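J.: Here is how the chains run, residue by residue.
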Amino acid sequence: MTTEDKCSVGIVETKSLTFAQPPNEMLLECGRSFGPITLAYETYGELSPAKDNAILILHALSGDAHAAGFHNAHERSPGWWDIMIGPGKAFDTRKYFIICSNVIGGCKGSTGPSSIDPQTGKPYALSFPMVTIQDMVNAQRALIDHLGIDQLLCAVGGSMGGMQVLQWVVSYPERVRLAIPIATTSKLSAQSIAFNEVGRQSIESDPHWKEGEYYGHPIPRRGLAIARMIGHITYLSEKSMHQKFGRKLQDKAKYGYDFRTDFQVESYLRYKGDSFVDRFDANSYLYISKAMDYFDLAQPFGKLEQAFASVKAKFLLISFSSDWLFPSYQSKEIVSACRRVGAEAIYTEIQSDYGHDAFLLETEQLTSLITNFLTHGSKGAS
Amino acid sequence: MGDLGEPIRLNDTGTTVRLLPEHRVIMDLIAEGSRVLDLGCGEGDLLLALKIKKNVRAEGIELSEACIQACVAKGLFSVQHGDLDEGLANYPDKSIDDVILTNTIQVLHRPLFLIREMARVGKRCIVSFPNFAHWPVRWQLFAHGRMPKTGKLPSEWYETSNIHLTTIIDFRHFCQKAGIHILQEIPLRPSGPGQRSIVRFAPNLRADSAIFVLEAGPGMMSDSAATH
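Chain order of the listed sequences is A and B. Okay, so the first sequence: first residue is 1 according to the working numbering, each after it adds one. Okay, so the second sequence: first residue is 1001 according to the working numbering, each after it adds one.
It is worth saying that the hints were derived from the structure and are not from the lab. Check the hints yourself; a few may be wrong.
Unchecked claim - Over the 12 Å line for every Cβ pair with chain A, so calculated as not near, a few chain B residues: (1) THR1016; (2) PRO1021; (3) ARG1035; (4) LEU1076; (5) GLN1080; (6) ARG1110; (7) TYR1158; (8) GLU1159; (9) HIS1173; (10) ILE1182; (11) ALA1202.
To be verified - Using 27 Å as the maximum straight-line C-alpha spacing, the simulated DSSO-like pairs for lysine-lysine come out as follows: (12) LYS312/A with LYS1053/B; (13) LYS303/A with LYS290/A; (14) LYS379/A with LYS1053/B.
Please read these numbers as outputs of a predicted model, since none were measured by experiment. By construction, the Cβ of each residue, glycine as well, lies at the ideal position given by its N, Cα and C atoms.
Turn these sequences into a full structure, and let the hints steer you where they fit.
T.: Structure below.
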């Protein structure tokens, strides 16, 4: 417990906003109108009188609104990006007003498949509409409007959070000054869709899944845990797994010659899978991973550079050398499109062995880049 | 290097940079408000000086992650981590006013490929390189039979990254071969600490480096279109 830490935002609380009340529902990309929608969100720091210091943090697949600080004095670990958010950190709460919300479709306070459908009084389950990255961003826009912010100083996120950053600057070019998409892509590769599909199949083949109608019954633990195990493999690199586990055995000196855990890497994955099940909803996993698959920023425009034609934001794009899930060439394609339309963009590939997970781990390099980018980028007229 | 002059004060807020003498010559070649791409921009000193003094749209490509960090710290917003040997595919034809390549062509694997890329993308190209026909270089090889080491070429032969060294005369032939037209040659020699002056007489012998201002020749664009 480190809430006494000078670099921590301390005790925080999750707030929520409900909007799109019928009949004023939000039109989703799939064509359905949907409402009411609740977004869970947290804020850290103070909004300036000119409302020009707001930074929107966008989370990845399994993230939530709790990006920094602690919910109470007993919470063991802080928010998911605490190392980057707080007094004196990259997203310095003495200077900036930080907002992070849970995506629509999620299971951490925002409306998702596990939420109660007010019309039936039961969880939506698979009657929840298919949501997309665009829908997530449109919902966040309602939150930003509610907070009275015309223009975000910055939108930032890694992985699926980076997809939302890209969608923000394309959909609302007047409303974002600085964009920091990290370890992300304008569209998933076939390989990444393939891994997502195996994860979904794992959930759907669990007998407890029951076409998503498992609320109030035993949940599809095995299916979701295996989906998470597969995910974890894709977040690491061959080298980082080798360094972390090698062929070391777990609590034994010799092979067991059975199917219990022998290797440390098996034990690690099982632990990661099992602990994920306690904090995440299987249907949310299906919906959100599908939203990532559908994301293709260029598709409505024909070419990626046309998507960026009206973009006003300055970009800081970052990829990691060992990330094979969102490889550097995908970030370079975005830089390329920026160059072609004359948008200002910094691109750097950080040398790292951590794979895709590097966006949560290479904090020293990220802190230096982001601190300078925000300092210079927040100067001058918006 | 060891060749940096006094810090140059760029504005009232005290921003200063230290520029190589050849960078100071290049500064004078750049038009106010133009779009400039510096290949191998290092820590971004030239780009920052051009941005503040000449109000250019300053863009850079750099191989070193640490240098990109330094550029971001200087407030440059268009620097990109990349390998020049991969070319300039991001840039449409004639999208840049001046493409700059200082003291770098000799480390590239494919100089001919890059110079053609520069001439495709840039309305003008500005290239500087150390002159391997400078008399102290010749002398070391001639009199001592040793691989030359000079201020411009400081490394041992087994450690140098210079794999494509050239001379002023060879560079002219190279431009001809590439279908590139030479607009201006500026041979330089040291004339005091951090200073360079223009060599008028016997440049290939007396200049330790040279700056060439280039543009695509009449035949080049159709040539490169055929090979792309």
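J.: Is TYR1158/B truly not at the interface, in the sense that its beta carbon sits beyond 12 Å from all beta carbons of chain A?
T.: 25 Å, holds
J.: Under the criterion that the straight-line Cα-Cα distance not exceed 27 Å, is the pair LYS312/A, LYS1053/B satisfied?
T.: At roughly 24 Å apart (the allowed maximum being 27 Å), LYS1053/B and LYS312/A satisfy the hint.
J.: Run the distance test for LYS303/A versus LYS290/A: straight-line Cα separation, threshold 27 Å.
T.: With a Cα-Cα distance of about 22 Å, the restraint between LYS303/A and LYS290/A holds, given a limit of 27 Å.
J.: Would the least Cβ to Cβ distance between GLU1159/B and chain A come out above 12 Å?
T.: Given a closest Cβ separation of 22 Å, the condition holds.
J.: Would PRO1021/B pass as off the interface with chain A, using Cβ distances and a cut of 12 Å?
T.: Given that every Cβ of chain A is farther than 12 Å from that of PRO1021/B, nearest at about 28 Å, it holds.
J.: Decide if the proposed pair is consistent with the structure: LYS379/A and LYS1053/B, CA atoms, cutoff 27 Å inclusive.
T.: 19 Å, holds
J.: Just checking, THR1016/B versus chain A, shortest CB gap more than 12 Å?
T.: Given that every Cβ of chain A is farther than 12 Å from that of THR1016/B, nearest at about 16 Å, it holds.
J.: Just double-check ARG1035/B for me: nearest Cβ-Cβ distance to chain A has to come out over 12 Å.
T.: 8 Å, violated
J.: Mind verifying the non-interface call on GLN1080/B? Its CB should be farther than 12 Å from each CB in chain A.
T.: At about 5 Å from chain A, GLN1080/B fails to clear the 12 Å cut-off, so the statement is violated.
J.: Over 12 Å to the closest beta carbon of chain A is the bar; see if ILE1182/B clears it.
T.: 28 Å, holds
J.: Quick one: work out the minimum CB distance from HIS1173/B to chain A and report holds if it exceeds 12 Å, violated otherwise.
T.: 32 Å, holds
J.: LEU1076/B: least C-beta distance to chain A exceeds 12 Å?
T.: Per Cβ check, LEU1076/B is inside 12 Å of chain A; nearest 7 Å; violated.
In summary, the numbered hints that this structure violates are 3, 4, 5.
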